[in-house]
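Given next are the chains, with one letter for each unit.
Protein chains: 2
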Amino acid sequence: MTPTITAFARSPDRGRGLARDMRVRWALEEVGQPYDVRLVSFAEMKAPAHLARHPFGQIPTYEEGDLVLFESGAIVLHVAETRPGLLPDDAKARACAITWMFSALNTVEPPIIDREMAKLTERDKSWHTERLPILEDRVRVRLGELSGRLGNADWLDAAFSAGDLLMVSVLRRLGGSSLLEEFPNLRAYVARGEARPAYQRAFNDQLAVFTASQPGA
Amino acid sequence: MTPTITAFARSPDRGRGLARDMRVRWALEEVGQPYDVRLVSFAEMKAPAHLARHPFGQIPTYEEGDLVLFESGAIVLHVAETRPGLLPDDAKARACAITWMFSALNTVEPPIIDREMAKLTERDKSWHTERLPILEDRVRVRLGELSGRLGNADWLDAAFSAGDLLMVSVLRRLGGSSLLEEFPNLRAYVARGEARPAYQRAFNDQLAVFTASQPGA
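So the protein sequences, as listed, match chains A and B.
Here the first sequence is numbered in the working numbering, starting from 112 and rising by one per residue.
Here the second sequence is numbered in the working numbering, starting from 112 and rising by one per residue.
Hints are supplied without guarantee of correctness; some may be wrong.
All copies of an identical chain are treated as equivalent in the list; a pair is satisfied when it fits inside any one copy or across any two copies.
Dumping the calculated DMTMM-like pairs for lysine to aspartate or glutamate here, alpha-carbon to alpha-carbon at most 25 Å [said to hold, decoys possible]:
#, residue 1, residue 2
1, Lys230, Glu192
2, Lys203, Asp147
3, Lys230, Asp200
4, Lys203, Glu305
5, Lys203, Glu293
6, Lys203, Glu192
7, Lys236, Glu174
8, Lys230, Asp201
9, Lys236, Glu247
10, Lys230, Glu293
11, Lys236, Glu292
12, Lys157, Asp225
13, Lys230, Asp147
14, Lys236, Asp248
15, Lys236, Asp201
16, Lys236, Asp147
17, Lys203, Asp268
18, Lys203, Asp316
19, Lys157, Glu293
20, Lys236, Asp265
21, Lys157, Glu192
22, Lys203, Glu175
23, Lys230, Asp248
24, Lys157, Glu175
25, Lys157, Glu305
26, Lys236, Asp177
27, Lys157, Glu256
Just so you know, the hints here were simulated from the structure itself, not pulled from any lab data.
Note that the coordinates shown come from a computational prediction; the quantities given were computed from them, not determined experimentally.
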């Protein structure tokens, strides 16, 4: 059965692959699972039909028969647990890869989002110039720790996993800032993720939605 | 084999059960798994021996033979997947319960932490009184959505799961604020979690660490 995911009808990131459907698309491409996409408008996201699937009125959702999931992390884990390719076979190695998934979403992403939110919503506030460096330092601490652990390795554990998929996705939110440039091994790690054929297919598919939604495109 | 977790030698929350070892203790109590605790000081958390276990220098960690995990969400999931009691047997119901785990940590907790951080670190800033209500509104939006989904049910899905364990843990961070009081069903939901015998055992054990570390106690 072909799963259906939801994505923004009009991508607020202009197709740069930062919307969270990208993480699910990438996971599905990695395991070779075809999928359908249903585009939803911002109004539809907050309407009862979508809220029944996603109580927080966001994207992505994942439907496969009568199974309905939300939260990109949970969906990526479900895809990884039901198809080979994103988690090691060995139980201990699996638990370690899953640890990196939680790490990406619960330890590394929050300070990155805080910085992003400040840049989006506090630019005109009197405190913005004083507060932004504090937020950047919080991101820098996490990047330093992650950089220290990654060292010269290609991936966080032996082979590419769902943990790397989420970590690369989270770090990509720093694109265009100099923060990632301060850690060359992390920059190379992100580039390594982006070079994967599955990533590229997923990226092009989400970009096509944005391109198609542009007047005159 | 008895697992060993790490916890703060001196709990910064004064034993109110907000440190993240509480989530792991609670999970272990729910499944009836005895465990050992190794207390670490703030200096030890940032030393090489601990960083080898936890790259971000935090607690809790989880050691079981040569398996070493970090991130409370990942540890709770590991406990839930290796012992009966915290996840449904049915595969689809399991995926739904795991979705609530990610939801708690990636959608509900971040705005709660942002509010907490502002109260801890920005009290003396000129912008604090203007910014705090904005943060509280962000929390309120998530609580409203969660409250709408929970309705009159006891738990987020049919039976108590690791998803409820993490959601209750996250909501408890609002204790002492009026935000939770605005949603009587969420307040009752948290109280229902706190009334579980496993919760109480875990709470008392982490409180005992704080009490023991107090001079003259």
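Hints the structure violates: just list their numbers, smallest first.
-> 1, 3, 4, 5, 7, 8, 11, 13, 15, 16, 18, 20, 21, 25 and 26
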